[in-house]
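> Below, each chain spelled out in residue letters.
Number of protein chains: 8
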Amino acid sequence: MDKQQIEKLLEGVRARKMSVARAVKQLRHMPYEDLGFAKIDHHRSLRQGFAEVVYAKGKTPQQVVAITRGLLGARTTHNVLITRANEGIFRAVRRLSRDAEFHPLSGTIAIRGNRDIVGKGTILVAAAGTSDIAVAEEAVVTAEVMGNRVESVYDVGVAGLHRLLHHREKLAEARVIVCVAGMEGALPSVVAGLVAVPVVAVPTSVGYGASFGGLAALLAMLNSCASNVSVVNIDNGFGAGYVASTINRL
Amino acid sequence: MDKQQIEKLLEGVRARKMSVARAVKQLRHMPYEDLGFAKIDHHRSLRQGFAEVVYAKGKTPQQVVAITRGLLGARTTHNVLITRANEGIFRAVRRLSRDAEFHPLSGTIAIRGNRDIVGKGTILVAAAGTSDIAVAEEAVVTAEVMGNRVESVYDVGVAGLHRLLHHREKLAEARVIVCVAGMEGALPSVVAGLVAVPVVAVPTSVGYGASFGGLAALLAMLNSCASNVSVVNIDNGFGAGYVASTINRL
Amino acid sequence: MDKQQIEKLLEGVRARKMSVARAVKQLRHMPYEDLGFAKIDHHRSLRQGFAEVVYAKGKTPQQVVAITRGLLGARTTHNVLITRANEGIFRAVRRLSRDAEFHPLSGTIAIRGNRDIVGKGTILVAAAGTSDIAVAEEAVVTAEVMGNRVESVYDVGVAGLHRLLHHREKLAEARVIVCVAGMEGALPSVVAGLVAVPVVAVPTSVGYGASFGGLAALLAMLNSCASNVSVVNIDNGFGAGYVASTINRL
Amino acid sequence: MDKQQIEKLLEGVRARKMSVARAVKQLRHMPYEDLGFAKIDHHRSLRQGFAEVVYAKGKTPQQVVAITRGLLGARTTHNVLITRANEGIFRAVRRLSRDAEFHPLSGTIAIRGNRDIVGKGTILVAAAGTSDIAVAEEAVVTAEVMGNRVESVYDVGVAGLHRLLHHREKLAEARVIVCVAGMEGALPSVVAGLVAVPVVAVPTSVGYGASFGGLAALLAMLNSCASNVSVVNIDNGFGAGYVASTINRL
Amino acid sequence: MDKQQIEKLLEGVRARKMSVARAVKQLRHMPYEDLGFAKIDHHRSLRQGFAEVVYAKGKTPQQVVAITRGLLGARTTHNVLITRANEGIFRAVRRLSRDAEFHPLSGTIAIRGNRDIVGKGTILVAAAGTSDIAVAEEAVVTAEVMGNRVESVYDVGVAGLHRLLHHREKLAEARVIVCVAGMEGALPSVVAGLVAVPVVAVPTSVGYGASFGGLAALLAMLNSCASNVSVVNIDNGFGAGYVASTINRL
Amino acid sequence: MDKQQIEKLLEGVRARKMSVARAVKQLRHMPYEDLGFAKIDHHRSLRQGFAEVVYAKGKTPQQVVAITRGLLGARTTHNVLITRANEGIFRAVRRLSRDAEFHPLSGTIAIRGNRDIVGKGTILVAAAGTSDIAVAEEAVVTAEVMGNRVESVYDVGVAGLHRLLHHREKLAEARVIVCVAGMEGALPSVVAGLVAVPVVAVPTSVGYGASFGGLAALLAMLNSCASNVSVVNIDNGFGAGYVASTINRL
Amino acid sequence: MDKQQIEKLLEGVRARKMSVARAVKQLRHMPYEDLGFAKIDHHRSLRQGFAEVVYAKGKTPQQVVAITRGLLGARTTHNVLITRANEGIFRAVRRLSRDAEFHPLSGTIAIRGNRDIVGKGTILVAAAGTSDIAVAEEAVVTAEVMGNRVESVYDVGVAGLHRLLHHREKLAEARVIVCVAGMEGALPSVVAGLVAVPVVAVPTSVGYGASFGGLAALLAMLNSCASNVSVVNIDNGFGAGYVASTINRL
Amino acid sequence: MDKQQIEKLLEGVRARKMSVARAVKQLRHMPYEDLGFAKIDHHRSLRQGFAEVVYAKGKTPQQVVAITRGLLGARTTHNVLITRANEGIFRAVRRLSRDAEFHPLSGTIAIRGNRDIVGKGTILVAAAGTSDIAVAEEAVVTAEVMGNRVESVYDVGVAGLHRLLHHREKLAEARVIVCVAGMEGALPSVVAGLVAVPVVAVPTSVGYGASFGGLAALLAMLNSCASNVSVVNIDNGFGAGYVASTINRL
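Chains as they are written, first to last, in our numbering: chain A, 46 to 295; chain B, 46 to 295; chain C, 46 to 295; chain D, 46 to 295; chain E, 46 to 295; chain F, 46 to 295; chain G, 46 to 295; chain H, 46 to 295.
Next up, chain A with everything else stripped away, as it sits in the complex (with noise of 0.2 Å):
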């Protein structure tokens, strides 16, 4: 219930159409809809071009279509994104909608009915080596479906630093940068001492043996010795897209 809805009421109740019984009864439903975060969300959603978000994993194709149906079907301009997808999900989407897109090497499927640009700078996303590509990719479609023009690096580990120096310009040209890492998860603290701007950090499960799945690389991260990175859960390629698009939409 928003301004105009609650002076309709108030309207009502002053020109006598409403009895007060009726209008104290519609406006102890207020709190919630005076809150009403279901609609801020949605219309933020709208108007800064964010997608709403299916996690897929766990969900048949039908359910992931019927959801996206549902998101779509409201409001065609939505961007959509489909987290943990796979070729039959997209082949089933797809049907829904021909703008939809499938990056197998995050597993992602995004619906960007609006293309603009709301991010201010741009959102670099490093990973260390080749088999974190895939939470990287994720985090770059994530960005670039929330609107941001995204730049990566990969196969930048610490240990052969010249492969990341190589990259200093892009790394100082970037606003926010995303940087994913298994195993030590080394790069966040070298990239953030490389650089002045907010570094999201994202470790992965990448590695054997006592990398525990990830937390090896969870635990570096949370102990860097820079000051500007801060962590998000294993594998959470999204998640630092989303972090790393709220910082530049600022």
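Quick caveat, the hints were computed from the structure, so don't treat them as lab data. Hints should not be assumed to be uniformly reliable.
Below 20 Å or equal to it, Euclidean Cα-Cα: the simulated SDA-like pairs (lysine to any residue) are [to be verified]:
(1) K62(A) x S64(B)
(2) K53(E) x R59(H)
(3) K165(D) x A241(A)
(4) K53(A) x M63(A)
(5) K215(G) x E196(G)
(6) K62(G) x S64(D)
(7) K102(G) x D200(A)
(8) K102(F) x D200(B)
(9) K102(C) x S250(E)
(10) K62(B) x A66(A)
(11) K215(F) x T167(F)
(12) K215(C) x R194(C)
(13) K53(E) x M63(E)
(14) K104(G) x R139(G)
(15) K165(A) x V163(D)
(16) K102(C) x G133(C)
(17) K102(G) x T175(A)
(18) K53(H) x R67(H)
(19) K102(B) x G115(B)
(20) K104(G) x P149(A)
(21) K165(G) x E196(G)
(22) K62(B) x G57(A)
(23) K102(C) x Y199(E)
(24) K102(H) x L150(F)
(25) K102(A) x P149(C)
(26) K104(E) x L141(E)
(27) K165(F) x L295(E)
(28) K102(B) x S250(D)
Given the coordinates of chain A, assemble chains B, C, D, E, F, G and H onto it according to the supplied hints.
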């Protein structure tokens, strides 16, 4: 803003004593006022004989006294429970209220302005070892301050079943049972198998080596093969007494 | 050996129909017979509409059917609950009893010979995300088979508070609440802050990376800053439904 | 060695003012000089009003004073931040600079030679419990010393939502939010669901038992179901204030 | 035996004061020969009816057969125990030896050329739940192949004490007890409190969620409040049967 | 209620000196009396020279004295073992009994009213490092007080095999071996490979860093590739001595 | 860009064959070129007989072939090592190079264009159990491809010391020793106590239950009481072979 | 040497075909004598300038002095290293030997009777932060006492790459490198990528929160993407210096 206040406002609008604009402004503040959790909390606590609780650890005697004075100041019939306190804090609180009682075993201070019994049955607090008594007593005092009849049986660890079975009648008569145990944390499983009522299990940090500060007991209780067991945090006698009280008041 | 049997034996001794030696021998077997937990269990379960429970995971359909037949054979009015089952097991059980119902969301089979409501109030089962529904439904079916009125609200995660607040009335009317959540496991804290009744929290293994199979949610729930929360094992919807039932029957 | 310096050197070679051998020697030092991170750091810090930071824990007052004198000596307009300090260190530093201010809640000393505001918006620091204030204040002082307007709201834990919702306007007005919470660490998820800006989450070691020194809160925050949340190390108020500052300067 | 002793011995041989046979005997006690581990092992195993053990997991039927043939080839009266085997391995081994018996519950193959009883008393194997029987049976078969009389009682979990107490006589008569339990692992504590003999506890990986693959049961058993309990690895029924056998032969 | 008491009661009934009703009432109290674990414990301990054990840690000297007086009061021939004690407790206990001996290495007090040897063979206690001696001595004193001949060999860590092999004869002669080791905890595997008797392994918290308070040694011992090893809790010298005693009495 | 190239460039400038602007441009690329890690890597690898390494896990045969072709294409005398490969990948690589050899035990493919021995001594690879051989063989092949003489001794676990001591001469002759062990991971401590050369320890994931995927062995090795032991990741035979090679080339 | 060989040898002696001296020599090669660990250790240590090491933590000054006197007494040219010592222990040791030097940063006492350099090259010890210097210095002093030339570079953490690159020449000249780092432990990966020699990594317990006492750095180092890295225990500067010494002597 409760129902009466909303009616009054609407009557004011209808009677044109209040402009629509002003009413809108007031109503927009409503969500919080209407949710009014603080008030509800407050009323509930007076109505049900619930105590306000002060966690004294890490606070100076002066701070505890200040908070307690605030709680008592407004409503003198109120019960106050101060957990993780010590002799020094008690002396300071004692000057504030002659009703303050110190329970040295559990380090708990109780001010019971209201000694009404609101619990329907008896809460039994069982502790496996003598070292678990501090935590058990915190549960006992909490449940008492919240208006319950409380019984306790201590040193009934499972390696000497006869000690526990000796108290079968108390077990059978309880409406809720709090089970406190460190080390292997097996007491709740055995007790819960003997009764049909809810058992609230409290792991304690009693033990050494692979007890890992109560982790062993906590995991054991979470994996209880008895189905009528739920668990609170390690050493959280207060929480167990509180949960048991909410159950016993039903 | 119950009271009647003991009287009979003593009469036999008094009437010298039985030697003292033989009576001593029989009485030495008494502790177990006297404790007679199995019978008590049995009576309790008939009297209170409690179901016998079969954990199907790791059992063949044949084994589940055999156990179920045993349970039903003796006492046909009995309720039986089979958890962690599947379509194949259901088909086999169905041949045994036409009353068998399969709840595919939770993989639960319920045979409800007795549909009496023995719970005093309503049990509300709240789940944070759509992926938590399987566990939530296990709690729902368990509580129903044990003779409770059950309501449920799903997809009310704390990152969209309005969805939860929309159901304030259901929260307010419940006598016991089961809160199911994976990921950060924050739902029980928020719900428990809104109500005065006991909240049984169920962490789920929903999530990835640093959720560590539900550990994150489990630890969060054990550390809830709301005092009326107790916790069961990860994914243990059955346990939560069972605990809630023991509370609701009080 | 920047472009101008290289040109000058080459002109010297061309003009035969400098031998090839000497030029080779100078150029071989170039990679480091050219990367020149130290200088960049240095310039950045003067230009952007960034403070140099001294981590005082484990250092003697004399050591802290010596480092601070070095930092202040070269460039008197500079800001210096000393974290994890105490009264004794403050007295020693105070003799060095009259500008030194001690923030006892967080154990932080700030010397603000430059009080320019370089942050574009307001940073809001929210803390769940009163025990989290020390960490929150470290974030506040850090962000202030780095040239930001900072607001704070404390004691807004999720088990009493009204306390948080009371501050909806502050939440809505912030450009970046730092969320500090111990125990179950649920505050960032709830806050992030109410806003569209980046939320930097700080788990604290507040709690006992299964909080495992802040691990419970850390895992909860990493698993937040809100997408605009990133996380720093346990009790790392400084890091959160720093990250928020790098974001707010964009 | 140092240089001087060896010289003295050799001088004795040279001077014919000592026979070669006696010198050999003394020299055979020299550390290495005396250690003579392989031979001692070998003799011990023939003399004591001990079986050689093959851990079949991860080996092909061909490999298992080859090893078994080697073991049987040299000494046909020998017992062989093959653990973690399956039907396919059994069929292959069966062709080698008609004496081979397959124990499908535990996946164990026993070839008992020697069925002498060398254990002094009875080993009792108790298992808490039906799902623990596979591990329990591995202990049973191991102890039998090693020449012990073995009894077993299953499904005597602590949440139904009467089931355990029903077997008091078996408990009282055992010379060594093996206790197998998953979930909360409480059985060894209860059993050990009822007897005065050594109890070997075997945690199993039976359970889910916070059982963490048997960790909960393992920690519980290590923290047993009964003093006559020692523990072997998770699911290590073989090890428990072996330890119990070494005890029972004393 | 023992056999004599039951006979007497039945004779009373037969002689009509006692009504059936009263006999029923008394017999209904029988389960516990008949189980009579306490008495059995008591008799066993007198008969077998077993000591009662007091865990002194966390108890005042007064409390320890009071408990000890109780134990000694009733039956003066009894042995008492007080673990985790100190000089102060010893002085207090010494006043109670001139027989009290303090073993400062292990912090153990022994009162040996009965010095009969009930163990059949020798228990050998082996410790890997000098820092493990405190725990080893606790095992030694426990086993001695429980009536065993005990030998010990210390500083026989596996990185200097010759030190261990020097004691081959002691290893060969032991009926039970207790192996105490911190750090990598390898001693039990090596020792158990040299003997055919049961080895009780005790991990100690000796070490630093990744020893994690004894966890490294504990896990190593649980995973021993020698089959005749079972394990007790970290630093639990008492438990190992107790288990070894129960074995040695067989 | 090495010294010669810089001199040539400067001579060109001096001789006015090259403009200052063009020289600046080339020199600005120098930091990276001068650091020139890639080239150094490249030269080193040719000069020292080092192999390029491809981690095949998670790559398709096509991808592995493409990378291998790239490596071989430029410099045909080069050695290539492909780890974690399988039969299918081998068949694909085999078509590329007739020199490719498949080591099925370790799943390693080696292409040895250069079979020069560059290691100064012999590397000994010792494995505790037969299940550790896969990891051990990875170390063997790695060290061979890197130009070392390699010996191996398998199945020398510490519970049968004689098997290890049988190989004393090989131990004594090795210049570097790689020790591979799962379960309790005790082998490196025992071996390192017998030699004075560096021992590289490799924990393996061999084991079950409380081996926790190799964690037990890893912790044991990190806590070795022998000082000449350092450790690589769980199952990292390649890393151990590589470290041993870098040592052996010194 | 088996029975036949011994007989043959003895027959040879008896028949005077073999001299006693030669027989003794052959017999001394018999496994145990040949193993002769203590003596070999002893000789090695004199011959190679190796120090005996005393771990002072948990020992009284008197105990340390007694052990040191024993070590020095027999062989005065010997080097002794005392780790984890303090000023008080130093004063006591100093009275024993004027050569004793105290290194307060690392708490190490060195008595260097023999200052010969036996290492072939230079050992470089690099430390990431100033707080890591204590551990680094332990490595430095250890390596020096063991006869090596040692260089050190401190405060070269990866978040300020220029500090590390400034020391490229030292890195290039080292024969072995010890890398000491706490927090995210990234230094070894970066350093190892710059050199071709073995890198011994030492995690330190420097850090807070999710560093978990050095676990984060330990895991990072074990997962290093550089292949020439091996790892020792947390804070084990001694071990790293020792391993580096064994390598440098090759």
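> Look at each hint and say if it fits the structure.
Consistency of the hints with the structure:
Pair hint K62(A) plus S64(B) holds up; C-alpha atoms about 17 Å apart against a cutoff of 20 Å. Among the hinted pairs, K53(E) with R59(H) is consistent with the structure: their alpha-carbon atoms are about 13 Å apart, no more than 20 Å. At most 20 Å may separate the alpha-carbon atoms for a hinted pair to count; K165(D) and A241(A) meet this at roughly 16 Å. Of the pairs offered as hints, the one joining K53(A) and M63(A) holds, with about 10 Å between alpha carbons and a cut-off of 20 Å not exceeded.
Proposed proximity of K215(G) and E196(G) is supported: the alpha carbons are some 8 Å apart, at most 20 Å. Taken as a hint, the K62(G) and S64(D) pair is honoured in the structure, with Cα atoms around 17 Å apart against an allowance of 20 Å. For the suggested pair K102(G) and D200(A), the alpha carbons sit about 17 Å apart, so the restraint of at most 20 Å is met. About 17 Å separates the Cα atoms of K102(F) and D200(B), which keeps this hinted pair within 20 Å; it holds.
Pair hint K102(C) plus S250(E) holds up; C-alpha atoms about 14 Å apart against a cutoff of 20 Å. The hinted pair formed by K62(B) and A66(A) meets the criterion: a straight-line CA distance of about 18 Å does not exceed 20 Å. With a CA separation close to 9 Å, the supplied pair K215(F) and T167(F) stays within the 20 Å bound. A threshold of 20 Å between alpha carbons decides the hint, and for K215(C) with R194(C) the separation of about 13 Å falls inside it, so the pair holds.
At roughly 10 Å between alpha-carbon atoms, K53(E) and M63(E) fall within 20 Å of each other, so this suggested pair holds. In summary, the hint linking K104(G) to R139(G) is supported, as the alpha carbons are separated by about 16 Å, within the 20 Å threshold. Our distance criterion of 20 Å between C-alpha atoms is met by K165(A) and V163(D), whose separation comes to about 18 Å. A C-alpha spacing of about 12 Å is found between K102(C) and G133(C), which places the hinted pair at or below 20 Å, so the restraint holds.
With a CA separation close to 12 Å, the supplied pair K102(G) and T175(A) stays within the 20 Å bound. For the hint pairing K53(H) with R67(H), the CA-to-CA distance comes to about 13 Å; that is within 20 Å, so the pair holds. For the hint pairing K102(B) with G115(B), the CA-to-CA distance comes to about 18 Å; that is within 20 Å, so the pair holds. Straight-line distance between C-alpha atoms of K104(G) and P149(A) comes to about 15 Å, which keeps the hinted pair within the 20 Å bound.
For the given pair, K165(G) sits about 14 Å from E196(G) by alpha-carbon distance, which is consistent with the 20 Å threshold. Taken as a hint, the K62(B) and G57(A) pair is honoured in the structure, with Cα atoms around 15 Å apart against an allowance of 20 Å. For the hint pairing K102(C) with Y199(E), the CA-to-CA distance comes to about 19 Å; that is within 20 Å, so the pair holds. Note on K102(H) and L150(F): the hinted pairing holds, with a Cα-Cα distance of about 16 Å set against a maximum of 20 Å.
Our distance criterion of 20 Å between C-alpha atoms is met by K102(A) and P149(C), whose separation comes to about 19 Å. As the CA atoms of K104(E) and L141(E) are separated by approximately 17 Å, the hinted pair is consistent with the 20 Å bound. Straight-line distance between C-alpha atoms of K165(F) and L295(E) comes to about 9 Å, which keeps the hinted pair within the 20 Å bound. Of the pairs offered as hints, the one joining K102(B) and S250(D) holds, with about 14 Å between alpha carbons and a cut-off of 20 Å not exceeded.
Consistency note: the structure conflicts with none of the earlier hints.
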